[in-house]
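Model the full assembly from the supplied sequences, consistent with the hints where possible.
Quick note, the sequences are listed as chains W, C, V, X and L, same order.
Its first residue numbered 18, the first sequence is counted upward by one per residue in this note's numbering.
Its first residue numbered -4, the second sequence is counted upward by one per residue in this note's numbering.
Its first residue numbered 2, the third sequence is counted upward by one per residue in this note's numbering.
Its first residue numbered 137, the fourth sequence is counted upward by one per residue in this note's numbering.
Its first residue numbered 148, the fifth sequence is counted upward by one per residue in this note's numbering.
By construction, these hints were calculated from the structure, which means they are not laboratory data.
By construction, the Cβ of each residue, glycine as well, lies at the ideal position given by its N, Cα and C atoms.
Not one of these hints is a red herring.
Pairwise CB distance ranges (calculated):
| id | chain 1 | residue 1 | chain 2 | residue 2 | range |
| --- | --- | --- | --- | --- | --- |
| 1 | W | 219 | L | 245 | 37 to 43 Å |
| 2 | X | 382 | L | 226 | 31 to 37 Å |
| 3 | V | 44 | X | 455 | 40 to 46 Å |
| 4 | L | 284 | X | 413 | 33 to 39 Å |
Derived DMTMM-like pairs: lysine to aspartate or glutamate, alpha-carbon spacing no greater than 25 Å straight-line:
| id | chain 1 | residue 1 | chain 2 | residue 2 |
| --- | --- | --- | --- | --- |
| 5 | V | 290 | W | 147 |
| 6 | X | 183 | X | 171 |
| 7 | W | 85 | W | 100 |
| 8 | L | 317 | C | 90 |
| 9 | C | 106 | C | 121 |
| 10 | X | 483 | V | 33 |
| 11 | C | 195 | C | 173 |
| 12 | W | 270 | C | 121 |
| 13 | W | 94 | V | 289 |
| 14 | X | 359 | L | 288 |
| 15 | X | 302 | X | 264 |
| 16 | W | 25 | W | 38 |
| 17 | L | 317 | C | 108 |
| 18 | X | 333 | L | 149 |
| 19 | C | -2 | C | 62 |
| 20 | X | 184 | X | 441 |
| 21 | V | 292 | W | 100 |
| 22 | X | 360 | L | 288 |
| 23 | X | 234 | V | 240 |
| 24 | X | 358 | L | 151 |
| 25 | L | 241 | V | 194 |
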Amino acid sequence: MEPILEVKDLTMDFGGLRALDHLDLEIDRGEIAALIGPNGAGKTTFFNCITGIYIPTRGDVVISPPGKKRERINGLKPNHVTERGMARTFQNIRLFPSMTVLENVMIGRHCRTRSGIAGAVFRGPGTREEEQAVVDKSYEILEKMGLSRFVNELARNLPYGAQRRLEIARAMATEPFLILLDEPAAGMNPQETYELDQLILRIRDEEGISLLLIEHDMQLVMSLSDRIFVMDYGKKIAQGTPEEIKNNPVVIKAYLGEEIDA
Amino acid sequence: MLKLSNVESYYGNIRALKGIDIEISEGEIITLIGANGAGKTTTLMSICGVVPPRHGEILFMGRPIHEMSPDRIVALGISQVPEGRRIFPFLTVTENLDMGAFLRKDKDGIKKDIEYIYELFPILAERRNQAGGTLSGGEQQMLAISRALMARPKLLLMDEPSLGLAPLVIRRIFGIIEKINTENRTTIFLVEQNANLALKVAHRGYVMENGRVILSDAAQNLLSNEQVKKAYLGV
Amino acid sequence: MKIQDIKESFFIAAWFILLTFPIMVIQVNPIENIIEWRWWNLILVGAGSFMLSFVWRYLMNRKAGQKRKESEDAEDIPLTQRLLRNPRFFVPALIVLGVFVFAFPFLFSAYQINIMTTALIYVVLGLGLNIVVGLAGLLDLGYVAFYAVGAYSYALLNHHFGLGFWTVLPVGAFMGAMFGVLLGFPVLRLRGDYLAIVTLGFGEIIRLILENWNAFSFGPSGIANIPRPGFFGVDFSLEASSRYLYFLMIAMALFTIFVVNRLQNSRIGRAWIALREDEIACQAMGIDKTKTKLTAFALGATWAGMVGVMFAAKTTFINPASFTFLESAIILSIVVLGGMGSIVGVIIGALVLILLPEYLRAFSEYRMLLFGAIMVIMMVFRPQGIISGVRRTYQFKGKGDKAVKTRETVKQPAPTTDHS
Amino acid sequence: AAQEGPIKVGVAGAHSGDLASYGIPTVRAATLVVEERNEQFGGIDGKKIELLVEDDVCKPEIATNTATKLVSDGAHVVIGHICSGATKAALGIYNDQKLVTMSPSATNPALTQSGDYPNFYRTIASDDAQARLQVDYALKEMGLKKLAVIHDKGDYGKGLAEFAKKFIEDEENAEVVLYEGVTPGAVDYSAVVQKVKRSDADGVIFGGYHPEASKIVMQMRKKKMDIPFISDDGVKDDTFIKVAGEYAEGVYATGPRDTSKNPIAKKAVEQHKAKYGEDPGAFFLNAYAAAMALLNAIDVAGSTDYDGITKALQSEFVATPLGIIRFDERGDAIGIGFSMYQVQNGKYVELEE
Amino acid sequence: MDWEYFFELLLGGLTRGSIYALIALGYTMVYGIIELINFAHGEIYMIGAFTALIAANVLTMLGMNELAVLVLASVVAILYSAAYGFTVEKIAYKPLRQAPRLSPLISAIGMSIFLQNYVLLAQTSDFLPFPSLIPELEFMEPIAHIISSAEVIIILTTAVVMILLTLLIKYTRIGKAMRATAQDRSMAMLVGVNVNRVISTTFVIGSALAAVGGVLIASHIGMINFYIGFIAGIKAFTAAVLGGIGSIPGAVLGGMVLGWTESFATGYVSSDYEDVFAFALLVIILIFRPAGILGRSTTQKV
Ligand SMILES: Nc1ncnc2c1ncn2[C@@H]1O[C@H](COP(=O)(O)OP(=O)(O)OP(=O)(O)O)[C@@H](O)[C@H]1O
Ligand SMILES: Nc1ncnc2c1ncn2[C@@H]1O[C@H](COP(=O)(O)OP(=O)(O)OP(=O)(O)O)[C@@H](O)[C@H]1O
Ligand SMILES: [Mg+2]
Ligand SMILES: [Mg+2]
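What follows is the structure in structure tokens.
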């Protein structure tokens, strides 16, 4: 197994509060991994730290994009992290509400295209081609995500579940090797959650993108994940396959509770 | 206790509610389920007057409230756990709870209730002086629920209270829902995606689709209704 | 219902009588120690506010009613937009407009040409600021500084080195951009209204330096005898040179519209809009926040610099008094009043706001009073601006097909003050 | 050229905005003069005189619009503009159209001295003339050696101060110990006053208008600084005395000579009070004089012909509130003497030389 | 170092800063609650001063004694400013609650132009002498050449007002309602806050403060005209932002910093560039503290 993301000793302090506590974690290529833990355990903070939104107090984040060099990315700005191939969604949906659905995805193509001001003004053949490619590629992604009927809708007018999927579509447009999903199933009903499940599998299988998701919906986590990491109070308290985690007494005590509704 | 008849509400010129009839009696737990964008949130916001209905009538304990301003409606004893939590970001946890009790005058009672909340959610007690905006998603959700409880409402409207909560906490929340319903006789109007859970605690349920109520029945019946099963319970 | 209205209007009239009593009725002359009581005004205010309250109520009801009327399925596109999209209307309209624009200076007096030229200057300024405020969402209250930079570039380069209009035009644009970057670097990490005050401060700094640094800028007495743009050495009469300037400005405005339109629908333009909507999400999508903002700022400033050169050439005299904060406020008003992010809107906004005070000259001293009132009323009854922005939409035939047609239809609600 | 219809006199200046108080008195003066003329003589040669009043807010770019408007509306002569900057911007347009323009208040020396504006006249002394008088008075009459020169950063005030500074520096035994601009409208000038105190100046020369002057004088006197304060025409205004009250005592200001005894001036002020119920404001008499001079020139020339008016202005003396005046080729008024005034017992008193 | 000179500049800056602060308080309150840069605030201040001038003249004519004139004129000014503030909010801002972010800003600019010209037309364009309503206190006589009674009163008033406002916002019911409304308007409704009333109250308090400022400052300076509000407004806005907009102590601190900067810049460099220094300082402070000196940090949790 070749790890594509290695996190070592990651620590994040907010004033006196230690939100991440010497956290170690690895994601392998082609894996769907899940990060679970009680509320306030530091899961979202973990995402923020590895994507450059927060600068961690200490620790290392190293990526090894397939076919590219290993690279340490702590301290990089979020846009550089994305350029290097790690894309994410947000726990509270952050779309561009008054842009259309297609444009939201087109924004995702920004870091994979180059045309500048001169190109925009003169609109030479190069720019036109690039623009056409952006549109086509974005539409293609929307079709894959089952959002093509909304192309020209404003993002804010979409139903909640569709907005969640759009966020994923937008992340996919950046051509990542790893997508980080923060509670993708929140606010979805079981039917939609099931569809999401299928979608995530397809993303992995068809696009070869690895995924790390934070989720409280255990049914989804257990059915999807190859590997699960469990956090509590900023520390990693367990890691393993769904079976192992389900039966891990520490996890049951801290997070799952006595019985699982799965 | 609460009666909506033929309620229509709009966002600008989008008709989000297309004539809704709902009735809730005192002491009931009612749940409203439906797909995304069905208009559940809009229904709650219309009751509270934030999205005032353009047509139809809403009676609360016999009084028409559809033309009242939100603060007056709230003063009648309705409080809400809104969608998206809506924590006051720069107020501390304690201040947020305090705001929940804005219309209450009994200082001691408020104090006691805050302590009670801290017992229910120890994590909030740990964070009591932290600004609401920096809480984690789940912590905010707990705070939003607690804030609504602080009002000691007669009717509690809850919009997806389980959103973003850990399984353990969800169970605790549903425990609390049943508890305040039986102990304080608080009427509860619950909107949930987790229809399984919701229908288990509820007495009756309504199913919404596309701005209309398409089905209403006792919770048990809905649980076993094929149509509902297929669409909302995920087999 | 009617009685209710009258009652309410009576109450409003009484309130305004009370409110305006000291200022409208009593005129003190502390120098002579006389007090004059102008009771007549009381009646004027009372009657005036009584009448106006009916108009206000009518308009308010209409505003509310308008929303209601449109049924649930009606396409949410304003009439203007529908007309603009319909080629059967659009093409002839464009031709008529073109003919009118061309014939204008031959039909009207020098004065009319002159104010139209001024209005065109503001069209370009508005479009430039629209990049910064309307597209990138950066509230710039000191835009006039870049305008000053352009104007002084021409005046000074001409004064000291005898450089001509055409030479300085690109220089002015470049200087504008330079200053845009200069200001942009330190301040672009500021948010919303903090950025507003800093840009306001920057605008004032530029003006104050021009005012105080006599050795450099000739101070408050300004620079006179700036030559009008040349045309292969031809000497023009006043009339002819007004026309020439007018056509120059038309050309410049068309050029601006062309460029801004292309920018708006480009990769950069999308990034600006996205940045306005959500900075964090934008960064997470791989957009370099600083660089993108800086381009917006610099590009906006470029137009101001360029048109500043034009301004100096048109007035032939400049001094710092032309570059006050109020000027920035007016340009901003053009953008917002016209409709943020909409090119047509900004053009109409500029024409309205700049021509209005000129045509209000008939009201002599009530001119600015009315101007202020109209600004308020336009915002109250048309908060989204005269023309609201639209988003480009794409048509797709089916799976795997290329995008076939692009047009603009989806109405873009400007960002609201939402606290969520 | 002989023409039909009324004679049109343009009046341009700031009638709204922050500088309105300097422009409105001119409109009133022109109105009074023209009304009187129309009533008493039925206009000029049987033609009624009409006013075209246009606002320029003292902004150059608006002034060009104002000027083209006046030109388009067929003005024959123009009274205005008020601010030197706006005047300069507008003059090019009037010059192209051969329109005589006369400002009651634009004092920038270049307007007459540069030779760029042959159509321009004014009924106010230029900055350098006033500055000359201020400096001469301070150095020769009062024997001051160390002067603080303060201005309000404006066109008028700063222009004047620049000249004063130059004139002082040209003298052997005097020096400028402080040269400083204050921000008009600021709430407080104590820092500048402290600075004057520290500079050890034995006199202050001020260029600017009365609101700033009164604030500075009051703060100086409150801080027990009794050095002479010599200011300009912009301060020679009764409002100054009223505002500064007891602190105004002893303040010097230059102004047009002996208007208080001039019967025309008295009449003009009376007319103003009768019609507008208050004392006239800034540059009222200058504007009154300008209106009279222009009407007289048209009368003498027998037409509104540019050359005729020019000739009449430069050759014919006319009695105005400012004295009996005519204009030199450059456009400055001859016969408007300037005197030094001092506030004594709450009144400006002309100091005999 | 010339300590006396330094000290005098310090005091001068303090007075000037207090003046800015007094107006900035109203600014910051209004901004805090509806995130609107209320450009008409300066005009409310101007109207307060005008009303006080008119009232004082009428009352003096009626033969009242000085103290009565001071008190009554101030009360009239406060009432009227509050009423103007209230009315302006109702006409120009309330209909724009749901509007795009910048629309109320333009409405405010229009309102400011309107009010200026209203006073210009109804009263006069000239400067009017403003009676020195604040009496020269006997016991202040020995130090009167350093600091006048009026200045002391301005400084004290600012301090008192700041403390009262801080207490109001921190501890009273209406204060809590204000904070909630500021942070999330519709959620505030949902906990029972009457948002319209809270916003109106904020405008009324802010405008009343502007009137207090108007009376004190006008009698300190000794004259007013219709345009004084504009410059005061810009300076107050700067002060409010400098201190951290929305923060009451911040507005006062911002005012002070601004006052001192201008005073020292004039004293040690040149008053030619006092405003340049003031704005340059603003830029520098905001670069290092992007939310102002006392402003809360704007970093957002995502
Ligand atoms: N900017 C911040 N300032 C202070 N504390 C913070 C900040 N961001 C997060 N925290 C704290 O750090 C802890 C971890 O938060 P985080 O959002 O990572 O939790 P989480 O695991 O995502 O929880 P949830 O499942 O509820 O979303 C929380 O207790 C939160 O209060
Ligand atoms: N602020 C808004 N502006 C415009 N349309 C809106 C707005 N909020 C909701 N809508 C529309 O109203 C309809 C009903 O939305 P509502 O939020 O009530 O649905 P919901 O049943 O609560 O869905 P969810 O499960 O996603 O919360 C949807 O079609 C939605 O697009
Ligand atoms: Mg989280
Ligand atoms: Mg909902």
